[in-house]
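Asks: If you want the building blocks of each chain, they are given just below.
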Amino acid sequence: MSEHHSTYVPKTGIERWLDARLPIIRLTHDSAVSYPVPRNLNYWWTFGGILMFMLVAQIVTGVVLVMHYTPHVDFAFSSVEHIMRDVNYGWLMRYAHANGASMFFIAVYIHIFRGMYYGSYKAPREVLWILGVVIFLLMMATAFMGYVLPWGQMSFWGATVITNLFSAIPVIGDPIVTWLWGGYSVDNPTLNRFFSLHYLLPFMIFGVVILHVWALHHVGQNNPAGVEVKNYAKDTIPFTPFATVKDLFAMVCFMILFAWFVFYHPNFLGHADNYIHADPLKTPAHIVPEWYFLPFYGILRAIPDKLGGVVAMFASIAVLAFLPWLDTSKIKSGRYRPTFKIFFWIFVVVSVLLGYTGSQPTDKVVLSLGGRTVLDMVGFAQILTAMYFAYFFVVLPLLGLFEKPKAVPASIADAVLGESKK
Amino acid sequence: MADHSMSEPNRRDFLFLATGAAGAVAGAAAVWPLISQMLPDASTIAAGAPVEVDLAPIGEGKAITLKWRGKPIFVRHRTKAEIEAAKKDDPEIKIDPEPDAKRVKAFEGKAQEQWIVVYGNCTHLGCVPTGFAGDYNGWYCPCHGSHYDSAGRIRKGPAPKNLFIPDYAFQSATKIKIG
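Heads up: the sequence lines are chains A and Z, in that order. Here the first sequence stands for residues 1 to 422, where the numbers follow this note's numbering. Here the second sequence stands for residues 1 to 179, where the numbers follow this note's numbering.
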């Protein structure tokens, strides 16, 4: 919030000395203590903090795993088993890291859907939103390369399928794939470079997160009412203790879910085939990516043309970056948009169903009438893919023109007090 | 600079341009090794040297899979019936039209149409198809459902191309050299 002035007052001589040289305590105080947050934030707003926690947790467990892991096709698989059996608490570090990736994606999907429901991408938060899309892309690249490192069957064939996506590019596709592999197939050079990049990318994510938070603190947080802060005294409360404590409480609840997976179902989200050593001569009967990639995999498989499928898959992510301009409504929050609300929840269901289609064999029958197949999994995925893109290119642009929104409260204070009066 | 902006280009303008151009060339020259190091290295290329394959032990109606350059290669000894069926289907090939004759190589002027040698990676996304399977009893890819015939031609499914044929030649009637 640009008008928000620093309220930090150095109390000791050392603080005054440091403040004149590197005002780092002032920066921390202004952005994590006195920073004004809208007083009506609900629990959907705690996922930013949860994501920050997950990023740090992934980096810490990842750095530890690297101390025991060997990035070589002959040793990678057994070094992972070495971590599981020999290294003190190695099982915990690996399970926390593997399930941590899933938790990271659960949190980021909730975070993205929250932004879509409350119109957090609208002016003046377009850059903030686009930085979020960049973080999401970096997360996907990091997760993909991390999944290759244990060098199991799913690692190998996942890497083969995903790198082969680039061969769909006309003319230069095949040279690009050879360059990505560093050979004629996914092999040791590929494993080594994925390891290097898997270590690098989280720190790039960290850098973009700093920009994301900077942009957030510059424009201020959106809120469930979707109206901007007008009066700091009435509309906001200081970040500490209010948001800090709420974020911490949500984080602890989230950690219960995380711990449940790590300690009770550590392999539930993984795939059994990845406990089989990579074999370039044998493809598992049913290749599936990790659950968090399934909706995009569903879109890839829905298009019968190779290049078309690849383009559609990348477009389904890239379209998010254009959301601020595709949504023509002036109203931010879905709370005051009765028709939008319906389409939003349809979109959520479509996204989940696309994930389901991605997890199933392509020729599986979805609907049959009198013994005749009416709809198979590919056909179902095609309908869902059309609905996915229609949300962005038809529903959102038109809804802003035709929808009659409900009355939006004049201020955040009105939104809160109006509710309590009822 | 402002004084000269409208007048004839002078020595300083030339130096700016020349320095900028030299800097761009130097920058590109510095980036090239960073890109090039990711290409297949000398040991990888050496390990991918040509191999000879003895065909004699492969009976009619059988196939072997060998590994070359980290990829599977299928060598299939087709039966007479399979060859006939594949030839008969020549006009039916829609996705990547290619006659059966183009899928085989000759030795001393005689087409060795019983031998099919193809890369064992689906041209869709690189999975290894299962042999003697699918609607055309050629290969079937379990990943996304591509069906190939006995000549490795794509007949049904998302794959855009026929199974790729590696560079190979007959050394004798029962020996080929791949690469």
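If you are wondering where the hints come from, they were derived from the structure by calculation, not from laboratory data. Keep in mind that the hints are not guaranteed to be accurate.
What the hints assert, rightly or not - Calculated lysine-lysine pairs in the DSS-like style (CA-CA distance at most 25 Å, straight line): (1) K80(Z) with K364(A); (2) K156(Z) with K110(Z); (3) K161(Z) with K62(Z); (4) K282(A) with K177(Z); (5) K80(Z) with K282(A); (6) K177(Z) with K94(Z); (7) K62(Z) with K177(Z); (8) K341(A) with K282(A); (9) K175(Z) with K94(Z); (10) K234(A) with K341(A); (11) K110(Z) with K177(Z); (12) K67(Z) with K88(Z); (13) K341(A) with K330(A); (14) K67(Z) with K282(A); (15) K156(Z) with K282(A); (16) K94(Z) with K67(Z); (17) K110(Z) with K282(A); (18) K87(Z) with K67(Z).
Asks: Out of the numbered hints, which ones does the structure contradict?
Replies: Hints 1, 2, 5, 6, 8, 9, 10, 12, 16, 17, 18 contradicted; others consistent.
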